[in-house]
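Asker: Kindly produce the complete structure, drawing on both the sequences and the hints.
So the sequence lines, in the order shown, correspond to chains A and B. Last residue of the first sequence: 277 (my numbering), numbering continuous. Last residue of the second sequence: 1286 (my numbering), numbering continuous.
Since the hints were derived computationally from the structure, they do not count as laboratory data. Errors might be hidden in some of the hints.
What the hints assert, rightly or not - Pairs of lysine to aspartate or glutamate, DMTMM-like flavour, derived with a Cα cap of 25 Å:
(1) A:Lys175 - B:Glu1049
(2) A:Lys152 - B:Glu1225
(3) A:Lys175 - B:Glu1225
(4) A:Lys125 - B:Glu1130
To be verified - Covered stretches of chain B, as calculated for chain A (at least 3 residues, CB under 8 Å):
(5) 1120 to 1126
(6) 1130 to 1141
(7) 1225 to 1236
Using N, Cα and C, we set each Cβ at its ideal position, and we do this for glycine too.
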Amino acid sequence: MRKQYVVAALAVIFSLFVLTADCISGELEAFGGQKGTLKISGGTAHIPVMKEAAQRIMSAFPDIQISIAAGGSGVGIKQVGEGLVNIGNTGRKPTDDEIARYQLKVHQWALDGVGVVVNPKNRVKALTKAQVMDIFAGRIDNWKSVGGENRKINLYTRDEASGTREVFWEKALDKGTISPSANVVVSNGAMKSAVAQDSYGIGYVSVGHIDSTVAPVALDGVIPTIKTVKEGKYKIARGLYSNTKGEPTGLTRAFINYLYSREGRKIVEKGGFIPFP
Amino acid sequence: MNNWKERGIEKIFLLSTIISSSITLLILGFMAYMALPLLRGGLFRLLTEPWMPQQGFYGIYPMIVGTSVISLLSLLIAFPVSLGCSFLISSIGPKSLSAVFRRIVQMMTGIPTVIYGFVGIFLLVPLIREFFQGGSGMCILTAALMLGVLISPTMILFFCDSFDRVPRSYIDAADSLGANRLQTLLYVILPSAREGIVIGVLLAFGRAMGDTLVSLMIAGNSIAEPKSILDSVRTLTAHIALVIAADYESPEFRSIFACGLVLYLFITIVILAVRRLAFRKSEERA
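Answerer: Here you go:
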């Protein structure tokens, strides 16, 4: 009698193994028999997703090596165009000129919001779009004018090659000016640590990067969160793209398909983005 | 046969010398060529205009100001400190202490600049921000302070070496005339080590000007022309690092070659000055 229990228990455990193994191979089976290196570079916003996907693939198939480098959207396009990497990620749709010059094939797999952030100590937690435009243009330069402390506003912006900057500049600032005296930081992470350090700072990051170290600012009453971006209420949003030179093949093809798979979409969600389409 | 072989080897050495020295010139030529489309728009415009890519201005004037101000200020901060340190190490301090300090300074030269940048972000930037109550703390002063720390080991070691090279007989003569240690230092050691000090300063200046990471991380990188030392500023090197990701064909990208050109010329002038001083010194000896 007892023996039967043990056998039954073992059978359950075994079938669980089989089931989970089935699950993994179900999503990852395209990688079976593949080997070699896949090089990815570009947008910093993509990195958490790329890393997670790469880790899962590499632990299931040790013959596959995937390397991921940051550098921004500009670097992504440049490197994939020149054949230095297999996939170049961008936080903006490549321009028609870029697509034509490098024969790029564009794959969009997520939506991403760009939210204004301040230090958690800051009293200001809501701004209108007009106020944000005035602040970033330098026309409003004291927190007092928008209901905060009597201290100078410290502006943080991103470098010109940044996709996050482009989305923010186009959609939040309506292509208005960004004050030349704004500090320039080089990544979403650097932006977060700059604003987290500076009680009187204001900047902008991908919604997926917002955590407890910085406080999101509601824009025209809408707080930038994954939910509001997904519902389309929060308008400062962009697509996340992976670009290949020409139609992808082999490992590159399998990787991009994986991003669109059920498991891939889960990873995208976990990274703070909204899976697309 | 032997003679022929020797001459052949001579030729090979000559060739390698020519290659390695011409690379420097080729780089200069390459940068000038790449910057040409911008240079054609007028060198004067390039050097005096602001940087506003969206309005079509690709001038690098704010960055030239940034680089000059930060490196000069860091030199101003680091020079007295380094001079004092090297006095202590080479003559005033007790032997055992000097040895320890010398080791520490030698170790400091090996610290990667990114670490200085990191320390700057987390310690110096908040300090400056709260102390002056204005601005973000990422400014000329912060970067100059951190760069001062970065370049002082170079100066200290150079100063120490030149102090050590002062002939023993000079110091003995001063001693026998009844000079105390401070007097010896001021009237004997310092004047005879003058050239070494100048060369050390110029080398440190070159290092401050060429450093990228410290200014990229803590100077703020704003593109405005600075009005005070508490303003955020972008250096030429940081500008290159920030713009290098831009589109290859864009004028933004071209402008980094102009930056490279200006830096190259700055550094060349510094090196020529060093050479001249070092040369004059050896001539005097002869």
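Asker: Each of the hints needs a verdict: does it hold here or not?
Answerer: Hints, one by one, checked against the model:
Taken as a hint, the lysine 175 (chain A) and glutamate 1049 (chain B) pair is honoured in the structure, with Cα atoms around 22 Å apart against an allowance of 25 Å. The straight-line distance between the Cα atoms of lysine 152 (chain A) and glutamate 1225 (chain B) is roughly 19 Å, inside the 25 Å bound, and the hint therefore holds. Between lysine 175 (chain A) and glutamate 1225 (chain B) the alpha-carbon distance is near 22 Å, which keeps this suggested pair within the 25 Å criterion. Between lysine 125 (chain A) and glutamate 1130 (chain B) the CA atoms are separated by roughly 22 Å; this keeps the pair inside 25 Å, and the hint holds.
With 4 residues carrying a beta carbon less than 8 Å from a beta carbon of chain A, the region 1120 to 1126 of chain B meets the three-residue requirement, and the given coverage holds. Taking a C-beta to C-beta cut-off of 8 Å, the region 1130 to 1141 of chain B contributes 6 residues in contact with chain A, enough for the three needed, and the coverage statement holds. Evaluation of the coverage hint for the region 1225 to 1236 of chain B: fulfilled, as 3 residues show C-beta separations to chain A shorter than 8 Å, against a requirement of three.
The structure meets every hint from the earlier list without exception.
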